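Undergrad: Chains as they are written, first to last, in my numbering: chain A, 1 to 481; chain B, 1 to 117.
Bear in mind the hints are in silico, worked out from the structure with no lab data behind them.
Predicted model only: the values in this text are computed from it and were never measured.
Some hints here could point you the wrong way.
[Stated by the list, open to error] Listed next, the stretches of chain A that the computed footprint assigns to chain B, with coverage defined by at least 3 CB atoms under 8 angstroms from CB atoms of chain B: (1) 65–76; (2) 335–342.
[To be verified] Computed beta-carbon distance windows for the label pairs: (3) A/W252 with B/G9: 42 to 52 angstroms; (4) A/E7 with B/G9: 19 to 29 angstroms; (5) B/G9 with A/H25: 58 to 68 angstroms; (6) B/N85 with A/H25: 38 to 48 angstroms; (7) B/T20 with A/I61: 48 to 58 angstroms; (8) B/N99 with A/Q253: 24 to 34 angstroms; (9) B/T20 with A/I40: 36 to 46 angstroms; (10) B/E93 with A/A133: 53 to 63 angstroms.
Note that beta-carbon positions come from the ideal geometry of N, C-alpha and C, so glycine has one too.
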Amino acid sequence: MYSLDKEQVEIITADVQLAGITFSHLPDDLVDHICCEVEILINEGKDFENAYKIVRKQVGIDVLQKIQENTKFLIDKNYRLMKTTMKISGNISLAMLGFGTICKIMHWPGAGILLAFGFLVLCLMFLPMVLYANYKNETKKQNLFLHITALIGCITFMAGVLFKIMHWPGSALLLMVGYLSLLLLFLPTLLFVKLKSAQTKKLKSIYILGIVSLIIFAFSNMFKMFHWPGASVLMIVGAVLLIGLFLPLYTWQMFKMEGKITGQYIYIVTISMFLILFTSLLAINVSKNIVVGFVNQANNTEVINNYLEKKNVKLLSEIENKRDTLELKSKAISIKKNSDELCDYINNVQMELVVSVDNLDKANAKRVIADPMCIMAKDNWDKVNMLMIGLDGNGKAKELKQKLIQYKSNLTSNFKENTEFSKYLDNLINVTDKQNGQFTVSWEESHFYLCSIIRAISTLKELQSGVRMAESAALVNLNNL
Amino acid sequence: MASNDLLKGTLKPIILKLLTENKRMYGYEITQSVKELSKGKIELTFGALYPILHKLEQDGAVITESEIINNRNRIYYSLTETGKNTAKEKIAELEEFVNTLRILLKPNYGLEYVLAR
């Protein structure tokens, strides 16, 4: 009866260790078992190499891991509980997020609650469980830092996405912290750990390439989200490195090493696809039909505005000619003055929008807002967002709302006893917040949040229209007094 | 060769039965004796064996001792006092089950009866 020598046993022991078998005396059990099988084959006349090759085909790394998994599952109550919760919470959060997204897209009620709870379950149950389970399965326990950074990064990032979708304040900060901890803590630690475990130089350079391109890509994402310049260049470089260089090299290397596709590989490909899809969707363009629709609307409103302006001048001169009460005259003139000021202000806002989106000078900007078809980046929304909403919600839209409210109260002060007029005015220039399910969406957000410039211009022109109509109504009222 | 579905619940009693008849056994030995005794009809894979052995150990039915043999640790499993009782119960349970199955498979109820009609 042949028995294996020390070195041969060590080879087998090393392979069992490589599979990450650590549970109790299971490594001893498995090593002994494999040794026995190999010895039998050697007794049948094979040499060690061939015999071990045959045994390994039956009990590869995945089989060994499966045994450990089954053993843990059978024995450890906590482990069983954890795995079950992981499965259930994962499925629940996925279902909630899926339905929430559908509800959000279809504008059905309940989207907010579904999304919020889906994210909560994902962040507070699923992600910690997954990372804990991964950490427990890990052979080397010194990688605690890697898992903690991954946990913190993922949770803050997910919370940031949720806050952004729900329009809650603080999303920018959460996203920033999430991004930075993933970019500057998690990925470098991952690189460090991977480099330590890499066996060949080739593998080392592939890991470096992969993680560097991931960092570049993630930075481009962050730049895009915060409207910093250079996002698109970074994105292209990152995506090309990731898809064009890293994935093929990694695929080739993995295939050569394992001879088959592993779960980890599928995981990596899926995540890369998700990342790239997600970012490309951020930069998606608005359909042309919709853009043209807004252009037409803006043009029509412009025509109406010109007509109203002329009509109001005429009304004012009628009042001035007909009446010689000084009080009425001064009232009419101040109404006209207020309206002109507000319309000029709105014009300036439009100019600023066009200037920031198309990089035009003032003269050209004036020409362009008279003919919105000439705007180059009609579907740009991030610069509109910056200008109108701003990072802290104190953009131009807020100022505009204040001015509209001030204008309305100035007008109504002329006709204190006329409640009909103030009602008419409120309908004409409505600046109330919208109630969307259980959440309130402010007037600023419902008009200018994630809004393309062409829609913003059209909205602003409509506001001018409202102002001119209000002026007209006020002047008619004065004339009838 | 018996199918996995049929084997599922019977492995634990089989292992206990083997352990009652031998003072102590190691994993590979258990798989081999199952193979020999069943003339190759039942194969106890080591993927199924070790989870059950560890579970029995955790339940206090078996204890282990480690011995260095041929340059490696060999883990021997043997029944404890409680293990012997568990073994008796489980084996009796399995026997009764097999007897019941036999009744169900008697000619009048079994395959031959169906085919004869």
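Undergrad: Among the hints numbered above, which are violated by the structure, and what are their numbers in rising order?
TA: 2, 4, 5, 6, 7, 8, 9 and 10
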